[in-house]
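Undergrad: Now for the letters of each chain:
Number of protein chains: 2
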Amino acid sequence: MAAKTFAGVPCLRFCPGDRRLSRSQIDGGWWNHRKNICPLISASSSSSEPSIRIAAEKFRSDSKVETLLDSVKWDDKGLAVAIAQNVDTGAILMQGFANREALATTISSQKATFYSRSRSSLWTKGETSMNFINVHDIFLDCDRDSIIYLGKPEGPTCHTGAETCYYSSVYDLLEGPKPNHDRLASTSLYSLEATISQRKDDIEAEQNGKPSWTKKLLLDKELLCSKIREEAGELIQTLLENEDSSRTASEMADLLYHAMVLLKLKDVKMEEVLGVLRKRFSESGIEEKNRRRRPDNRC
Amino acid sequence: MAAKTFAGVPCLRFCPGDRRLSRSQIDGGWWNHRKNICPLISASSSSSEPSIRIAAEKFRSDSKVETLLDSVKWDDKGLAVAIAQNVDTGAILMQGFANREALATTISSQKATFYSRSRSSLWTKGETSMNFINVHDIFLDCDRDSIIYLGKPEGPTCHTGAETCYYSSVYDLLEGPKPNHDRLASTSLYSLEATISQRKDDIEAEQNGKPSWTKKLLLDKELLCSKIREEAGELIQTLLENEDSSRTASEMADLLYHAMVLLKLKDVKMEEVLGVLRKRFSESGIEEKNRRRRPDNRC
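Quick mapping for you: the protein sequence lines, in order, are chains L and Y.
Take the first sequence: its position 295, counted from the start at 1, is 295 in the UniProt record's numbering, and no numbers get skipped.
Take the second sequence: its position 56, counted from the start at 1, is 56 in the UniProt record's numbering, and no numbers get skipped.
Hints were generated in silico from the structure; no laboratory data involved.
Heads up, some of the hints might be wrong.
Identical copies go unnamed one by one, so any copy, or any two together, can satisfy a pair.
[To be verified] Below, simulated DMTMM-like cross-link-like pairs (lysine to aspartate or glutamate); rule was C-alpha separation at most 25 Å, straight line:
(1) Lys200 x Glu163
(2) Lys73 x Glu163
(3) Lys269 x Asp70
(4) Lys216 x Glu163
(5) Lys266 x Glu154
(6) Lys215 x Glu66
(7) Lys210 x Glu154
(8) Lys215 x Glu234
Computed from a prediction, not measured in an experiment: that's the story for all the values here.
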């Protein structure tokens, strides 16, 4: 298969052959999803720095990319802030700087690439550790001097082995010289997931902790299942009986929480669930364009 | 009420009077949540720059804060990158720079505060627009040269009126000089939410678009409700019949998607749902400390 391009940029991840089939009621499923995998995907998974450089060189003649690179407000050192964010969880993975070549390389290779100020050289995250960040989309801010690499990390991002580089809470640090634990910067959904996980750990460690509704659910599958059914019913009721929308938000919160307790019992993370949804309803820059062009999109 | 402090820092947002009551089965609910609002919250909501400065001055004598500020690796201009992130959605709202005073002010006031390089002055986001970002926690990265302000925005963050400053997709820009639309940098959950919202808009605009499962659900409440019940049942089944965990992830994705279609019919955003969960299971730096100290925590 020949290398595909999008707006003059070699596409290493998504191929036009990838398409979503129409929904089939017959087999009881509600989505079918077939992927024709481009050979370049596996090649890109093991991209070494030289091959990325070659790819970057290829598209640098593309005038659209040149114009875009010209529009970025590089600082007096030729840099802009580049933030890598997990496309599924929203976690900020790391922050570095990009120069013109780093952004061009990321556009081309779809591997998050930075300019290392300490080494004065281009640096693709993962080129040594193999923990690449596969970039799905790239955003510039309103001032064109800040960049988001929205992507999916392969393995931990931080050199310490932590999932992200942000595990030091200022308020924990102010609490004392020996904080109880490192705590990743987490948004609400993942703070809740961590709390549920902690309750399960407490049970497994047979710690004689305080009474907890989460623990009770984790220990009683029948109770948990009846609660999920009940909360789904209450959510539905807010629609059918035209209850206040604040009630809907509250019932959805109830359902989500109880369902997340079930996920914990099955050792499934919300990140996996969101990955499933992303693959079904992908809206990445390249995918969206292909989706718009495809006549058989029925989602 | 006297100003409360946490680790020597005046607390403008969270008061020890705020506490979670034990779960009550009697009234059919499963959480009760009562808030005693501290007068300082409303005062802080309208914080003008001078009052924030005064607050910052108060805690600058605190040696713990000084030590923490000393530990940040400020660059040759005395700055570090500061990223403001929505605590509920994970959306990166904006990125600026903080100097020592800006970080100190943010710790104290819990309003995201930056150092404006163009104006060479301290700048609290919202001091003119009143669209403050109320900071719930602050994180430093492994190198101590990058900061996350994890907070809740009051209104749009961008000066253009956009929800965040990141609405220019590089791949959209490469598509041509006139992109079809601005598209916020969105993670999977919010891309799905935007897709569902677009389907509803298509129906309301009476556009004769392609067939769509989402549209069908939006137009048929009984079908939607039966699907939510069905998907909840299938999720439960993966636990009770010990099905493969990948099946659990898939069924949870199904349930979440269908429930989000219901949310759209009720004009409820996932951000509101996550806000409800955050208030129930808050894990912010200050709240966590208070929670650990409270004997009545039963979550």
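Undergrad: All hints, please: hold or fail.
TA: Do the hints match the structure? See the list:
1. Lys200 x Glu163: within (21 Å within a copy, 37 Å between copies)
2. Lys73 x Glu163: Close across copies (22 Å), not inside one copy (30 Å); limit 25 Å.
3. Lys269 x Asp70: Intra 41 Å, inter 37 Å, cutoff 25 Å: neither.
4. Lys216 x Glu163: Classified as neither: same-chain Cα gap 29 Å, cross-chain 40 Å, threshold 25 Å.
5. Lys266 x Glu154: within (22 Å within a copy, 37 Å between copies)
6. Lys215 x Glu66: Neither: 56 Å inside a chain and 40 Å across chains, both beyond 25 Å.
7. Lys210 x Glu154: Cα proximity of Lys210 and Glu154: none, with 37 Å in one copy and 36 Å across.
8. Lys215 x Glu234: Classified as both; 23 Å inside a copy, 23 Å across copies.
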